[in-house]
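Enquirer: Now for the letters of each chain:
Protein chains: 2
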Amino acid sequence: MPTYTAPTRDTRFIVNEMLDLASYSNLPGFEMATPDITDAVINEGGRFCSEILFPLNQSGDQQGCTRHEDGTVTTPEGFKQAFDQFREAGWGTLAQPEEFGGQGMPHVLGFAFEEFISSANQAFGMYPGLTNGAISALIAKGSQEQKEKYLPKMVSNEWTGTMNLTEPHCGTDLGLIRTKAEPQADGSYAITGTKIFISAGEHDMADNIIHLVLAKTPGAPDSTKGISLFVVPKFLVNDDGSLGERNGVVCGSIEHKMGIHGNATCLLNYDEAKGWLVGEENKGLAAMFIMMNAARLGVGIQGLSQAEVAYQNGVAYALDRRQGRALTGPAEPDAKADPIFVHPDVRRMLMDAKAFTEGMRALTLWGALLVDLTHKAATEEDRAEADAMIGLLTPVIKGYGTDKGYEIATNMQQVYGGHGYIEEWGMSQYVRDARIAQIYEGTNGIQAMDLCGRKLAQSGGAAIQAFFKMAGEDIATAREIEGLADMAEQLEKAVGQQQAATMWFMQNAMQNPNDLGAGAHHYMHIMGIVTLGLMWLRMAKVATNRLGDAGDDKPFYEQKLATARYYMDRYLPDAGALRRKIESGSASMMALGEEAFATAA
Amino acid sequence: MPTYTAPTRDTRFIVNEMLDLASYSNLPGFEMATPDITDAVINEGGRFCSEILFPLNQSGDQQGCTRHEDGTVTTPEGFKQAFDQFREAGWGTLAQPEEFGGQGMPHVLGFAFEEFISSANQAFGMYPGLTNGAISALIAKGSQEQKEKYLPKMVSNEWTGTMNLTEPHCGTDLGLIRTKAEPQADGSYAITGTKIFISAGEHDMADNIIHLVLAKTPGAPDSTKGISLFVVPKFLVNDDGSLGERNGVVCGSIEHKMGIHGNATCLLNYDEAKGWLVGEENKGLAAMFIMMNAARLGVGIQGLSQAEVAYQNGVAYALDRRQGRALTGPAEPDAKADPIFVHPDVRRMLMDAKAFTEGMRALTLWGALLVDLTHKAATEEDRAEADAMIGLLTPVIKGYGTDKGYEIATNMQQVYGGHGYIEEWGMSQYVRDARIAQIYEGTNGIQAMDLCGRKLAQSGGAAIQAFFKMAGEDIATAREIEGLADMAEQLEKAVGQQQAATMWFMQNAMQNPNDLGAGAHHYMHIMGIVTLGLMWLRMAKVATNRLGDAGDDKPFYEQKLATARYYMDRYLPDAGALRRKIESGSASMMALGEEAFATAA
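Protein chains in written order, with this note's numbering: chain E, 15 to 615; chain U, 15 to 615.
Be aware that one or more of the hints could be misleading.
Put simply, identical chains are the same to the list, so a pair is met inside one copy or across any two.
[Unchecked claim] Below are the DSS-like pairs computed for lysine-lysine, each with C-alpha atoms no more than 25 Å apart in a straight line: (1) Lys194 - Lys350; (2) Lys194 - Lys239; (3) Lys483 - Lys390.
The set of hints was computed from the structure by calculation and includes no laboratory data.
Please work from the sequences and hints to get the whole structure.
Expert: Structure, rendered in structure tokens:
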């Protein structure tokens with residue numbers, strides 16, 4: 015049977031030691047996040063996910079969701095009860111504003127919990143996850159009345175939320191949407207159209223579902239500039255907060271997917287459903303991007319999450335399964351064979367996983383801190399700086415994090431040999447669940463273009479220059495620390511590759527934008543590799559500082575240093591190859607027309 | 015609906031122009047393979063697979079196989095009828111010896127057909143595929159009586175065959191097997207034990223199933239030196255060739271797998287089943303390796319096959335789906351959006367797929383020619399040379415071919431965005447089916463060790479030196495051809511990286527074998543990259559020669575040259591990064607003990 019234990023020790027290391035969350039106690043919300051509180055939240059959150067949600071993960075995959083003829087949807091056995099427990103424990107309220115019933119804790123804790131919930135049960139975690147996205151859009155763009163009407167019950171998870179963007183003929187290119195919003199005399203709109211791929215679009219886990227829907231008002235421009243955002247509750251909400259009549263939105267079918275079977279992915283038919291404009295008319299895309307940016311970070315975390323749970327099971331199998339002998343001679347001569355853990359190629363896959371998950375955990379939690387600082391840093395300048403940095407990192411966290419997450423989950427399945435391919439062992443689910451994260455909330459190709467086409471160029475390249483400056487400072491201080499000079503140099507070379515690639519874009523992309531498009535994916539990967547390298551250098555610094563007085567914890571810091579070294583040896587070399595690919599430009603990539611891709615019999 | 019057309023034009027290009035099969039007409043079996051015959055076989059074989067087998071692929075995935083209480087197994091609807099057609103058309107007899115009813119054609123044609131069958135329906139193709147493996151073991155090691163009894167009906171596909179190696183506690187390490195073979199007074203053996211993961215182990219498509227089974231005789235050495243091979247028919251065969259009583263081998267269950275649902279993966283219980291020794295006692299492993307080497311090449315072809323069918327569907331979607339605009343301005347201004355084919359990141363994935371599938375097709379067909387030459391070349395020296403080369407290439411074809419095949423299938427799914435994740439569209443199946451090829455017939459980690467631990471060192475490195483010499487000659491001649499000098503130089507650099515990595519192994523692996531194990535996977539990938547580069551250089555040469563007088567075929571040769579250029583630009587750079595990883599050795603990889611991999615809460 016698969017196992018999962020939330021890696022809370024590592025989370026506490028990052029939060030308390032690497033990020034030093036306590037040092038931000040002067041900022042609003044952070045004052046509550048004392049080490050004893052954060053430790054308790056992390057530990058209890060981890061326990062809840064490991065003990066309550068993980069046991070429903072495999073059965074949820076096997077059972078999936080069922081749509082009934084009346085359009086209602088039943089989630090897998092146990093999901094509803096677990097969501098009741100989740101709601102009662104208040105896990106959804108962690109980082110939500112106090113004004114709407116939240117606990118107002120830093121996002122750092124919210125993100126830590128998101129990792130655990132997605133590792134334990136990604137399909138389950140998407141129900142509150144989508145709700146969080148909808149909450150952030152309503153907070154940013156909703157009217158006071160809308161906030162008061164919807165937010166308290168969404169924050170408490172009595173109701174859940176959804177994001178409705180995609181239609182059968184359009185996903186990435188939202189300018190093409192056809193769903194219509196006709197203004198009504200009472201100030202509401204009648205929403206009509208078909209939305210697809212709506213995660214958590216219909217289910218039996220909450221009393222109401224608050225849909226946020228993109229649609230076009232009559233005469234709106236026929237482009238992304240003509241999209242408006244509407245709030246469309248499944249059940250209308252009376253002025254006293256009680257539920258009124260059923261709205262005209264019905265689940266027409268649920269998709270049969272490769273994974274995340276426990277989450278209902280719905281086709282929703284809107285037939286003159288009653289909706290209300292959120293924010294300004296024709297400014298829906300900006301509102302949607304508020305949800306989207308939060309969601310993209312959440313999806314990046316899913317990449318980490320599936321890698322983590324797959325890794326834990328990979329380790330368990332590698333220590334249990336015995337085949338062959340160590341190349342250096344029998345490790346356990348009295349047994350008939352050694353555990354496969356002794357084989358370098360198995361260790362390679364485990365170390366790749368360990369180096370990725372721990373580095374990615376550091377990156378997502380640092381990203382969460384930046385999100386907090388975007389809102390809460392003391393000065394406008396600090397807030398703007400944090401905003402630019404997390405804007406730059408978001409496509410990297412989403413795109414690189416999920417590409418690698420899928421790769422690591424696949425490798426951990428590989429550790430199992432033939433048993434990895436059998437559903438009973440659970441490894442296939444991690445691969446299948448991880449796969450979606452590369453696709454939704456903007457495919458990773460879109461992330462790469464967001465990074466290279468928008469974020470690199472913003473404000474004259476200020477964000478990427480700030481990133482290089484910060485990396486340079488980290489490298490310079492590490493170089494002075496005994497034992498870290500080699501690693502600092504390795505990272506410096508990789509940063510140099512990224513700088514060269516950046517320069518190449520600057521020199522070429524203006525004349526030929528395809529040169530940018532042709533290298534965007536590779537650039538996103540270089541930046542992911544470099545950024546995780548930076549995280550490892552920071553962790554190595556902390557570990558070096560702590561080694562002297564760590565007592566019983568000494569092995570923890572020693573393994574951090576060893577893993578940092580592995581990361582520099584085995585991840586960074588790809589930066590040079592990726593740069594060379596970028597510098598080959600778009601000529602050979604775009605040389606062939608469509609007839610060259612036809613299969614000739 | 016997914017589509018598939020066997021890429022016969024490309025196959026004919028490789029067989030007739032790159033390999034110039036006609037030039038081998040002096041060798042036995044090749045004299046029949048005149049261009050008109052080979053073209054007809056390729057075209058008809060392609061048509062059979064595209065028209066008869068592909069339509070059963072998705073339904074076979076959805077239905078899977080069903081085991082009944084009596085141990086019988088029903089294959090998906092249509093499989094039995096299609097296998098009847100397959101048998102009647104004689105597709106299984108192509109490259110089998112005439113003496114047992116085969117057509118005695120070169121393996122080049124057999125491999126070409128194997129690609130088509132696996133693209134069209136991998137789960138189906140495994141039934142005759144496993145039969146071919148069993149046939150080759152019986153041809154090599156069976157007694158005259160066994161050959162006469164079993165081979166004609168196996169070659170004709172009236173009966174199918176299986177390979178029984180794995181047991182619940184052992185797969186890679188066959189020295190651990192527990193299945194017993196007790197000698198009986200009549201010269202037969204009573205076989206008792208449990209075998210798992212037996213592909214095509216039980217089904218309703220043929221009258222009899224001939225199991226080849228590894229087991230231990232009483233008192234045999236407790237290691238791989240104590241394994242013997244037995245032939246165990248599902249129904250005993252009377253002396254007149256008619257079927258006798260049901261043997262004591264029963265399907266206890268079938269596995270619920272990630273993919274290849276149309277193939278029954280069985281647990282087989284042997285309860286004093288009647289079996290007969292094949293070859294010498296305690297020499298079963300060598301006999302098994304005859305099957306295994308054939309099977310590994312077949313599995314490498316599966317990597318190509320899934321990439322190919324996924325690629326064709328990726329192209330279809332990229333040309334059909336419209337989202338956004340080309341970076342260089344609207345490609346089709348009158349439409350509301352351009353086909354996603356215009357986006358460089360989509361083109362990157364398509365070009366990666368095209369460069370891989372066409373290069374890999376060339377490699378597998380060249381590999382097939384080497385297999386033929388192993389048996390049929392004119393001199394002992396030529397035969398030995400071919401044997402050494404295909405021995406070196408086998409783990410590369412299997413390991414690199416299936417790693418990349420899975421990656422390409424995943425990328426083609428990515429082209430579909432959200433629709434790629436929905437089973438109805440068919441892309442998920444290609445990914446799930448491709449996944450097994452990295453695992454079975456020796457995991458890719460085992461392939462890497464076979465390459466680096468055995469094949470590199472064999473005969474003092476003769477095979478790898480021959481490979482480098484051959485590559486050097488190809489590069490030298492290409493350098494003199496107008497338009498190819500750049501590509502020759504790019505490939506030369508990559509070969510240099512492989513040579514440096516080879517040298518590093520020689521200097522380090524003797525003192526520390528873990529240095530070899532730590533780099534084996536990366537070396538297998540360098541060699542795959544270089545070998546496909548060599549194939550592309552050869553194809554580019556042929557294309558350059560033909561361009562002048564190609565007439566209407568000119569675009570075909572032009573796109574070959576453009577794709578060759580893309581391959582050199584975008585695949586070769588990884589060789590340098592992989593070399594650097596190898597040279598980082600095993601120190602950081604093996605530094606941590608098992609306690610460092612425990613999850614601390």
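Enquirer: Confirm or reject each hint.
Expert: Hints, one by one, checked against the model:
1. Lys194 - Lys350: between (70 Å within a copy, 18 Å between copies)
2. Lys194 - Lys239: within (15 Å within a copy, 74 Å between copies)
3. Lys483 - Lys390: within (23 Å within a copy, 65 Å between copies)
Against the hints set out earlier in the document, no violation occurs for any number.
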